[in-house]
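The primary structure of each chain is shown beneath.
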Amino acid sequence: MPLILATSFAELKDIFLMQGFAGFSLFAVFLLMALGLAIIFGQMKVINMAHGEFLTVGAYVTVFLSHMVVNHAPKLLPYYFPAAIVCAFVVAFILGYIVEIGLVKYLYNRPLDTLLATWGLSMILQQACRSLFGAREDTATLPEWMMGSWSPSEGLDIPINGMFLLALAIVMVLLVYALMYRSRWGLKVRATMQNRAMAGAVGINTKRVDRVTFALGCGLAGIAGAAFTTIGSVSPSAGSLYIVDTFIVVVFGGAASLLGTVLSAFTIAQSQSILEFFLTGVLAKIFVLVGVIILLMIRPQGLIASKVRR
Amino acid sequence: MHTLYNRALGGRSGTVGLALLCVLLFLIFPLALDNFRLNMMSKYLSYAFVAIGLVLCWGNGGILSLGQGLFWGFGGYCMAAFLKLEAARNIAAESGSDQIRALTTVGLPDFMDWNQITSLPYIWYPFKSFSLTILLVFVVPTLLAYIIGTAMFRRRVGGVYFALITQALCWIMEISFVTRQGWTGGINGITDLRTCLGWDIRTKSAQIILYFLTCGLLIGCILIGRFILSSKLGRILVAMRDGEDRVRFSGYSVSKLKTFIFCVAAAMSALGGALFALNVGFMSPKLVTIEPSIYMVIFCAVGGRNSLIGAVYGAILVSYGKTYFSEMFPNLWYFLMGGVFILVTRFFPDGLAGAVDYLGPMLGRKLFSWIGRAQANFPAAVVPIPVEANEGR
Amino acid sequence: MIAELEIKNLTVSFDGFKAVDDLTFSVEHEELRVVIGPNGAGKTTLLDLICGKTRPTGGSIRFKGRELSRMQENSIVRQGVGRKFQTPSVYPKLTVFENLEISFPRGRGVWGSLFFKQSEDVRERIREVARDTYLSDHLHTSAEHLSHGQKQWLEIGMVLIADPKLMLLDEPVAGMSVRERQQTADLLQRICRGRSVVVIEHDMNFVKQIAHKVTVMHQGKMLVEGSMDEIQANEKVREVYLGH
Amino acid sequence: MLDVKNLQVAYGESEIISQLSFSVARKETLAIMGRNGMGKTTLMKALIGILKCRQGSVQVDGLDVAKFDSFKRVDSGLAYVPQGRQIFPTLSVEDNIRTGLVTVGKRKIDDWVYTLFPVLKEMRRRRGGNLSGGQQQQLAIARALVSEPKVLLLDEPTEGIQPSIIQDIARMLNELKKLRDITIVVSEQVLSFTLEIADRILVMEGGRFVHEDLRANVDEAKIHQYLAV
Amino acid sequence: MLSRRIPQWLQGMLRGAAMAGLAAVLPLSAHAADPKFPTAAVNTTGLAVTDDVVTVGQLHSVTGTMALSETGSVEAERLAITEINKAGGVLGRQIKIVQEDGASDWPTFAEKAKKLLVQDKAAAVFGCWTSASRKAVLPVFEKENGMLYYPTFYEGLEASKNVIYTGQEATQQIIWGLNWANKEKGAKTFFLIGSDYIWPRTSNKIARFHIERYLKDCKVVGEEYYPLGYTEFQSLINKVKLAKPNCIYSIIVGGSNVSWYKQLKAAGITGESLAKKKQILLTISTTEDEVRGIGGENVAGFYACMKYFQSLDNPNNKAFVPAFKAMWGKDSVIGDVSQAAYLGPWLWKATVEKAGSFDIDKIAAASEGVEFKGAPEGYVRIHKNHHLWSKARIGEMKLDGQYNVIAESPDLIEPNPFPKGYQ
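Chains as they are written, first to last, in the working numbering: chain A, 1 to 310; chain B, 1 to 393; chain C, 1 to 244; chain D, 1 to 229; chain E, 1 to 423.
Derived from the structure by calculation, the hints contain no laboratory data.
Computed from a prediction, not measured in an experiment: that's the story for all the values here.
Where is the CB? At the ideal position from N, CA and C, for every residue including glycine.
It cannot be assumed that every hint is accurate.
[What the hints assert, rightly or not] Straight line, CA to CA, 20 angstroms or less: simulated PhoX-like cross-link-like pairs of lysine-lysine: (1) E:K420 x E:K205; (2) E:K121 x E:K86; (3) D:K5 x D:K67; (4) E:K276 x E:K398; (5) E:K219 x E:K277; (6) E:K278 x E:K183; (7) C:K53 x B:K256; (8) E:K391 x E:K318; (9) E:K241 x A:K13; (10) B:K204 x E:K121; (11) E:K362 x E:K143; (12) E:K244 x A:K13; (13) D:K27 x D:K150; (14) D:K67 x A:K207; (15) E:K188 x E:K276; (16) A:K105 x D:K52; (17) E:K278 x E:K216; (18) E:K276 x E:K241; (19) D:K52 x A:K207; (20) E:K36 x E:K362; (21) E:K183 x E:K216; (22) E:K143 x B:K204; (23) E:K188 x E:K143; (24) D:K178 x D:K27; (25) D:K178 x D:K150; (26) E:K121 x E:K183; (27) A:K207 x D:K72.
[Unchecked claim] If you want the footprint, here are the derived chain E segments under chain B, 3+ residues with CB under 8 angstroms: (28) 119 to 133; (29) 136 to 145; (30) 200 to 208; (31) 221 to 235; (32) 368 to 376.
Taking the hints into account, I'd like the entire structure generated from these sequences.
In structure tokens form, the structure reads like this:
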């Protein structure tokens, strides 16, 4: 790259720092997307093709709130975003709860059928968003503090929304970890997902666990949707763009492992970001996907697999 | 002869089902549909090839591929490449505009001109020959399926993982095709296909002939599918779906068998893709990617994942449903299609064929009792109709 | 006499846990060997290793002088090794006849199975095996409708029809009635003519009936080997296994 | 303590258990014996609610639980140790035991559990799936016991377990009966084990009871005959 | 905005229903065939033209990813048709619309185009947005002899008897804009960015050629493409920072726009910061329609080169904007493409009246020289090559999502879809 040669060393250092951070913020994006699916697909073995649409729902909730705030209470603009995240979670959670009762609960142990049914669901949700909010793109008005960049030195700009995403992703991972592996509720989930009948026979209300777990996964997607309004647009079909990436991250990580999901999101994000810098966006995407598929062929169980004699 | 009757036609009940389909395809549709709708039917039927392939590899072999669009697309692109080159050779005679004529290099597809490609890329050379194209239509996708299948099944990647990986492969294919637009026509695809060996495929008569060609090849694929399923291989497939290890320890190479059936499905898909290019005169990366691949699985699921004939009905019904709903309710048809998918998976996991198996005997009994009564009223007049047509499937 | 099956220093570990630990073991021609041992002693893992389901971490498995430990499962089967699993794995949706037909050792390749012709000798052989395994009356019953014991027999039949030189049977009489056990014992006596058989079993009465020689495994290692009487007299065996 | 009346259980068309009635007194240990396929496991699954009963009532301490889901039955005082143990393989031993604590709403595993099953204390950080069969059996019993049941259902606890551990289990159950106010229903095929723990023996065949004996005057030969045919 | 968009959705539906009702009722009550133009004379090829109704097709994506871009065109075309109907229709005939959904899927476009022409016998079709959808339907229109009014600015390299291109072809938009950047803003180095498909690629090719050949001492320092719908532009932004071009030339399309501009801002690149370093960002793809989705605060200070901006100050536009808002809600915005879509029905009406016939061949022949003086962009005229003569303008983005028009080409620019030397 003759370009690089023409630039001073200090500048290069800044660019590399920023590029490294670009990888981190992509990592945060992947992680937020994949967390909900890691629960729904990784634990419950439901192939939820409508996962992207739950993300869209969360994003629309945020946009809706932002318009409300702008129109009716502009003073709250700097503070509304955390509330929007909570609302996005709640709405997506409730929607997920309803979907579990109405559809998913009939399809446990038929993973490939969940794929087809949730594909239908995703069409319905997309159209519902389109009918309610219009086909056009919309955007959330962000609080001023979340826009722009943090510039510790001249030439070095670290995007604030990227930092926010990264922080949010880390917090969410820790919360999910605590919930799944440190709480009694997580114990119930893990027991139920391993052996539904037996979990019932030791006194766990498995139906409720199923409903809440699925809804939780959807709620996490809602949070991801809210977070994405900081970097992207909202449109009815926005969610469907992420679905393949999300599945790749979860599968590559080793479906049932939270640590695996984190590692895989990191690996994929950093390699894509680095390749993007030296190649072009499309080539980077192709290389990363092919690489992941080859690795999955060598190691079908994913990066981290639980080793146990069953 | 007798074994052939039993194996390819599937005995009596199979023959009846096939005969009904033939009547529908060769008589009722051509008589009842106008040329426009008949051409659409050819399009639907070219999807049915994929569905039949999926019945073999998913319904019977337990291998769900969400990447059938890949093979369908390769078949289609191979055929489209040939047709495009022919159109490009005749551009001077065909084009409506002097300017286009003046600016187009004869023998070079128009999109290459737009991308400043001055000579035909080497990978396009084989498509100058019709026979080589036909060969490639089958060889390229089958070889691809062989490579994917061998790599994945050796490593025992199966079930959901296989489905998701093939889906990703589809996506890779789409973005590569889009980005190499000088070679592939990019996101536009290969459009404006005109003649095949000098025969204008856009005329009414050509479309009718192509319709019958499609139907004939489709029936051929059903027969091949029947032949495979009725062989020992067919039973091993079912056995493999239910207990892979046992098959392995009966001395079979599971990965080879799986690869074989996956290749068969790929070849059938490719044939469908090639026919699509002929019928529609068009090939696009939009047809190759994830969404159509899922639709293809849905055709198969709606028809009944175990039934070859059901797959054809599934493809016709879902595609027609999509056309009909979107014509009637251009703003709301997503609701209707989505609802259909949910209802089918929820209430008819075995699709139409399952519903027929379930309802058929019941209707048969009703019919029988009705005939019985009729006979009681008119003693010698009515000969009982055999009711076992729907049984034994 | 040269041993048909020779296992030397075989080791396999899962996640640091050694399921089979430096095991050396051999079976002779036409011998019926029974392997006993407490749960988790590595008996089933041993069979998995021989038939290729599990790859060993170290050591060698030689059958008739050929090394098996690097072969694919289906190649091992073609060397003449047949395996019956602990929980009977038959094809539930197929009939007894079809189950046996699939297991018939001809037309195992892709093209072979596609153009496999069900000739009279095949049918005759299927009937013969069905007779041997007491299933003559059920030839056209779906396997899912058989009783537990009959499924066990069917699976033995499926292994038998391939005429293996070494049969590995994991708990063949589990879930059988006493009468069925007797019939199975007779069957095994017949089977081991012309081939070697390795059986895993818990039922000591049954073991007494069939075993030529007994191997006791404990914690992945061989504890003792000998006739049933010697085993029952052995102090160590009493300690770990029979208890008091 | 446990009263079962006119119980009927079926898989699809075929009825496995029909019109079965029996009752177990407080602190009594009832053994249900019979060969494979005679309906013992079906009965157990129906009692804990993994299988739905078509008809009949199941009263635990006077409360009819026949229409309840499994978890509510556990709440009402039933506990279940299934055939084949069915511990949660990727959960640690500790977590496996904790799943049983869900109904009582406690977090901490009481000391008596480890007193009763010392081997589980050693293994408490291991994954359940990596335990040996006998250890898994103890784990499954511990998991059932921590929910402080009134009635403990044990389905073939000796199946596939080495004889020495079978002895241990029998000893442990007898100790338990002394320590706690517990009623036990156990299904078994091994008569020697049964005789060590049971107060009363019912023999099951074809989904109904065909023979009853108190331990005091058990007719071993007769029961052997039922088990043997 | 959104709080009142929910009722707007209902309103939209009601309006649609009302319009359908209008179309159904009006002809009955209205006069019979215009005696000057009997149906037999104006429709000799069996189009769906009766004594009082003429059927046209409308073919856009209302579902799928492209629906967000095409909605504006659907609305503008409906407005034009409603206005024409109110003004007495075309040759005394009311226009009836058959709407079809292209579903963002090119093969579907081809299928629906064929349906409109073969089954519905539509006298004209207003539709398509992406180049790919146009390429898909083009053979159908040529084969079945239909008439398509295509609204989007596009790459050129095409001229068909059966299409009227109401948007600008590449040279009308690119060359004048680059000259402006070079002369007025002193841009010497350019970084070309685009979505990965034919329009951005072809446009950038023309741009590169123009920069390297015709602009003095100018060069292209980077050229990058990203897939449609892509949302991660940080690596690209770093590359741009490294290259330090005077002009970031952006042809990002659709949903990616929002991510692109939001991430630019987050990386510290704003109109203000660029101005300090004597840099500019010039786009030819981001209309007011997109800016609404991006948020004006993210794009303020960037420049766009187009032929129409909503803020354009002329009498036609002063009437057009309120009419549009009255029909589609006061929050609606109008972008370049929507305006071009609005021209379609009017140009068709003028052409039909000029030809005195609905016949496709006659319309195709009569199109040359047809003018529309009421065009919101000012004045347009159809060229022999079926493209429009039109002006080019530069707008500067403002915080409120509107453009400030800061420069305008003095004359109408001749459409030249096959520019010599540019390929």
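Taking the hints in turn, this is what the structure says about them:
1. E:K420 x E:K205: holds, 13 angstroms
2. E:K121 x E:K86: violated, 23 angstroms
3. D:K5 x D:K67: holds, 13 angstroms
4. E:K276 x E:K398: holds, 17 angstroms
5. E:K219 x E:K277: Holds, at about 18 angstroms.
6. E:K278 x E:K183: holds, 13 angstroms
7. C:K53 x B:K256: holds, 17 angstroms
8. E:K391 x E:K318: holds, 18 angstroms
9. E:K241 x A:K13: Measuring from Cα to Cα gives roughly 13 angstroms; hence the hint holds.
10. B:K204 x E:K121: holds, 17 angstroms
11. E:K362 x E:K143: holds, 16 angstroms
12. E:K244 x A:K13: Holds, at about 16 angstroms.
13. D:K27 x D:K150: Distance of about 9 angstroms is within 20 angstroms: holds.
14. D:K67 x A:K207: Satisfied, since the Cα-Cα distance of roughly 16 angstroms is no more than 20 angstroms.
15. E:K188 x E:K276: The given pair, whose Cα atoms are some 16 angstroms apart, holds under the 20 angstroms limit.
16. A:K105 x D:K52: Answer holds: K105 of chain A to K52 of chain D is near 18 angstroms, not above 20 angstroms.
17. E:K278 x E:K216: OK: K278 of chain E and K216 of chain E at ~18 angstroms, within 20 angstroms.
18. E:K276 x E:K241: Measuring from Cα to Cα gives roughly 14 angstroms; hence the hint holds.
19. D:K52 x A:K207: holds, 16 angstroms
20. E:K36 x E:K362: holds, 18 angstroms
21. E:K183 x E:K216: Distance of about 10 angstroms is within 20 angstroms: holds.
22. E:K143 x B:K204: Answer holds: K143 of chain E to K204 of chain B is near 11 angstroms, not above 20 angstroms.
23. E:K188 x E:K143: violated, 47 angstroms
24. D:K178 x D:K27: It holds: about 9 angstroms lies between the C-alpha atoms, which stays within 20 angstroms.
25. D:K178 x D:K150: holds, 14 angstroms
26. E:K121 x E:K183: Cα-Cα ~50 angstroms, so violated.
27. A:K207 x D:K72: holds, 12 angstroms
28. 119 to 133: holds (count 4)
29. 136 to 145: Coverage by chain B holds here, the residue count being 5 at a Cβ distance below 8 angstroms.
30. 200 to 208: holds (count 3)
31. 221 to 235: holds (count 3)
32. 368 to 376: With 0 residues closer than 8 angstroms to chain B, the segment 368 to 376 of chain E misses the three-residue bar; violated.
The structure is inconsistent with the numbered hints 2, 23, 26 and 32, although it conforms to all the rest.
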